[in-house]
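Asks: Listed below, chain by chain, are the residues.
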Amino acid sequence: MHEALLTLGFGLVAAAILSLSALAFTLEYSVTNVANLSHGEILTVGAYCAYLVQQHGGGVILSGLAAAAGGGLLALAVHNGVVDRFVRRGIGGLPTFIATLGVSLVIQNVLVIIFGASNLGYAVPQGAPRTVGPFLWTDTEIQIMVSTVVITVLLYVIIVHTRFGKSLRAVSQNRSLARVSGINANRVAALTWLLAGLIGGYAGFILAESVGTFSPYSGFSFFLITLTAAVAGGLGRAVGTLAGGIIVGIALEFFGGYVSASYNLAFAFAILSLVILVRPRGLFVGGRRSVFE
Amino acid sequence: MIDYLVTVLTEGSIFAIMALGLNIVWGWSGDFDLAFYGYVALGAYMTLVLTVGPATNPTTYILGLTLPFPLAVALAVVSAMVLALIVGAIALRHLRGIYFSIVTLGAVYVLYVVTGQYVPLFNGYNGVSGLFDPMGDVLGLDYSSYSFFYLGLCIAVLIIVLLLTTRLNGSRFGLALRSLREDERAAAAFGRDIYVTKLKAYVLGAGLGGLGGALYAGYLTAFNPSAWSPVETIILYAAILVGGRGSTRGVVLGVAVMVMGLQEATRYLPEIANQPSFAPALRLIITGVVLVLFIRFRPQGILPERRFRDKDPAGKGDAAAVEAMVAGPKLDTGAA
Amino acid sequence: MTTLLEVQGLHKHFGGVQAVNSCSFTAAEGQITGLIGPNGAGKSTAIDLISGFKIPDSGKVRFEGREVQGKTPHVISRMGLIRTFQSPREWPGLSVLENLILACFEPRRERFWRSLRGPSRAEKEKANEQLVEARAILDEFGLFHLRNERAGNLSGGQKRLLEFARMRMAKPRLVILDEPMGGVNPVLGERMAAAVLGFVTAGTSVVIVEHNLPFIERVTDQVVVMAEGRVIAEAPFDQLRGNPAVVDAYLGELPTYDDAES
Ligand SMILES: Nc1ncnc2c1ncn2[C@@H]1O[C@H](COP(=O)(O)OP(=O)(O)OP(=O)(O)O)[C@@H](O)[C@H]1O
Ligand SMILES: [Mg+2]
Chain A
46 MHEALLTLGF GLVAAAILSL SALAFTLEYS VTNVANLSHG EILTVGAYCA YLVQQHGGGV
106 ILSGLAAAAG GGLLALAVHN GVVDRFVRRG IGGLPTFIAT LGVSLVIQNV LVIIFGASNL
166 GYAVPQGAPR TVGPFLWTDT EIQIMVSTVV ITVLLYVIIV HTRFGKSLRA VSQNRSLARV
226 SGINANRVAA LTWLLAGLIG GYAGFILAES VGTFSPYSGF SFFLITLTAA VAGGLGRAVG
286 TLAGGIIVGI ALEFFGGYVS ASYNLAFAFA ILSLVILVRP RGLFVGGRRS VFE
Chain B
391 MIDYLVTVLT EGSIFAIMAL GLNIVWGWSG DFDLAFYGYV ALGAYMTLVL TVGPATNPTT
451 YILGLTLPFP LAVALAVVSA MVLALIVGAI ALRHLRGIYF SIVTLGAVYV LYVVTGQYVP
511 LFNGYNGVSG LFDPMGDVLG LDYSSYSFFY LGLCIAVLII VLLLTTRLNG SRFGLALRSL
571 REDERAAAAF GRDIYVTKLK AYVLGAGLGG LGGALYAGYL TAFNPSAWSP VETIILYAAI
631 LVGGRGSTRG VVLGVAVMVM GLQEATRYLP EIANQPSFAP ALRLIITGVV LVLFIRFRPQ
691 GILPERRFRD KDPAGKGDAA AVEAMVAGPK LDTGAA
Chain C
12 MTTLLEVQGL HKHFGGVQAV NSCSFTAAEG QITGLIGPNG AGKSTAIDLI SGFKIPDSGK
72 VRFEGREVQG KTPHVISRMG LIRTFQSPRE WPGLSVLENL ILACFEPRRE RFWRSLRGPS
132 RAEKEKANEQ LVEARAILDE FGLFHLRNER AGNLSGGQKR LLEFARMRMA KPRLVILDEP
192 MGGVNPVLGE RMAAAVLGFV TAGTSVVIVE HNLPFIERVT DQVVVMAEGR VIAEAPFDQL
252 RGNPAVVDAY LGELPTYDDA ES
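Protein chains in written order, with our numbering: chain A, 46 to 338; chain B, 391 to 726; chain C, 12 to 273.
Below, in silico cross-link-like pairs of lysine to any residue (SDA-like), each with a Cα-Cα straight-line distance of 20 Å or less:
1) C:K82 to B:E574
2) C:K182 to C:A39
3) B:K590 to C:R128
4) B:K701 to C:K137
5) C:K135 to B:R557
6) B:K701 to C:E136
7) C:K82 to B:H484
8) C:K82 to B:Y585
9) B:K590 to C:R119
10) B:K590 to C:P118
Among the chain B residues that face chain A by a calculated CB cut under 8 Å, a handful are:
11) I480
12) H484
13) I488
14) V493
15) V503
16) V679
It should be emphasised that the hints constitute simulated quantities derived from the structure, not laboratory data. We put the CB at the ideal spot given by N, CA and C, even for glycine.
With the hints as constraints, model all of the structure from the sequences given.
Replies: Quick look at the structure:
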């Protein structure tokens, strides 16, 4: 029982990181209807930005901000430079999806050229684990979870209570309708990607903190898990995605703890395939349909 | 110099075989299959474990037979097709577009992780090795003439594959596949069994992937997970896109440009940059940029897929002109 | 007069919307049956249910006496029931002529092994006959000069004509046309009417969904009126005018049209 609680504690950390990443991915998807295959690189770039700041003596807070800024700028660049142009030209979801795969390839390898392909790690120590109720967490892990909760609440406030959030919801419902009703849809989409990038970049930082190391490829691997969470929650649905992130994060930790951590990714994909096959619109929506519905 | 040319051409023909297989799936049937390199890998592994003999400590792998190379290749192709049948039967049932891609990406990742982690299968991350000069001893070839022989073998197989795909391209089967790519619902409304037809194309494409993988194993003498990261699939896609999606000539051109040409162009870079991963990384960057630019500006590629053209000198024909034409041009549907 | 299509008590709901609610009607062999009703009446959904593109919650569909509900679209199509869609669905990347050739489904020739072997002499002849026929049909619809054009490049009205041409090529027992006049220049109306009537001459019965009531009046033998998922009337067009349920469903649209005409 105690061991299970400990695993749950680690699972909550994983769930926090995964939820942020998945939320960012879902935000990107919601306004453009494009599954961004270069999403993982937003995380990676975040991790490297934080690394650079730490190299120059920056602390945890500054690193986190730098990671967010780096991720945000990258997401904005990908949106304005590629995705938005494709969407406006009426190039479909699948070709744009393929294009973002190309973008992902470019970013990964630019990072390889600049930083090399091998693993890097942060200098800031994790801190000793301490007992919090039944759980065992390091300072870093507590920081990860607290910041995740803060960011999630902020995001909720932004989406539900601000004018921008209202426009965002309108654009994600129906872009052309939103445009007709006087919303600058392209600007809203760009800002949403920026927001998603800020969150994603920060997620990359805490991912690297929690794992201990990162490389130009680590974001892409994590993206594959992100996809599981986002699809399980229902693509483009924020609340569902959050739930998906938490469930998948904890499930993976238990799988890793009790079965085998090396097969984690395979396990994630088994879940994903199952979800897509059984409930392609996410775990939380149902219905019996023919292939064409 | 001549050795180098032989290397490039051998690799080029092998990649062309794979790309022609993928073109059936993506170019004709229209499914963006990210699992494709898994079939290539399986073809390569199976060829190795069927030819190199039993594993010696500390390596472990299944089978470990010493079959003749051609038989091993045939079995490797069959196993790739069986795997594709399983993956395709699941993924093609309900899924299209990005969902299909995600599930196939998932399938290949599961395969990748299992191959790497489960050592008894294909010796984990160290992979299987030891396939030296297949058929060389039977034919009594020495080292220098062997590479020419293998190049000849690869080109011969490529020509057979080209004949096969050209035939299919102009056939009703090829045309029916195109109709699925262009509009599935209309295809179903006109009687096409989408699932079965797509599955046929998928398995066939995977078979060619497995064939390419088998030849690749003979060329590399070994295979391990680092040889087939999912990135390899993207390179094949880039080749198809640049050459002309759906067009057989185009795919061959695309492989020449994106695999052989790019390799050649960046060949001397390592010395310049003094960094071992610089040239491969640069190649991948160029591949990524080319992918984006072609999707945006020239999605049909350099040599677009050709449509059947019904020539008619008489212009908009009255009945008589139609009658006259009938004797003339014959129907050879598709892009032959 | 034999019944070709018999729909019995079809139901289909989407979430809370009962799109098709106990819908029953028949279509007779050799006739043109109109299916009309206000927007959202459930006409397109009913077609999807009949042709297998959607699965009904309950109900029966009989085509030539055989039950087809729950069968997949291609199976129903192979039995001789082909439908069009509310928005034109040509194969955009293929040529107009290829679109016509593909309308003839030939299970044997499309088999993989046969394709690999290449066409036999008889098949080549058959292909040539098809080509001749396709040219003639294209000529009839005024698309002959566009036969090598990419079908996706046609105008909206031309795409509609192409759909008619494909149907003529396919020669089904029954076609179901979902708003074939949508977006078509009224000038083309004559041609469309002729085309619809032409189906019957060619041995194909027709079910047609259309909002253009003069057109419906002109071509149909029998009209089925739907509203809110139900069939509220089933009679020849001229008997519908006095039907209060129909007038009610159309919010007075029908009488206005009568006034304008008389
Ligand atoms: N996929 C769907 N999901 C949810 N609701 C649907 C779906 N398809 C149709 N509906 C609803 O079912 C009802 C019937 O729609 P249908 O398209 O069959 O109407 P219709 O008679 O063809 O209308 P129109 O003349 O405008 O084409 C409508 O209220 C529509 O909103
Ligand atoms: Mg409709």
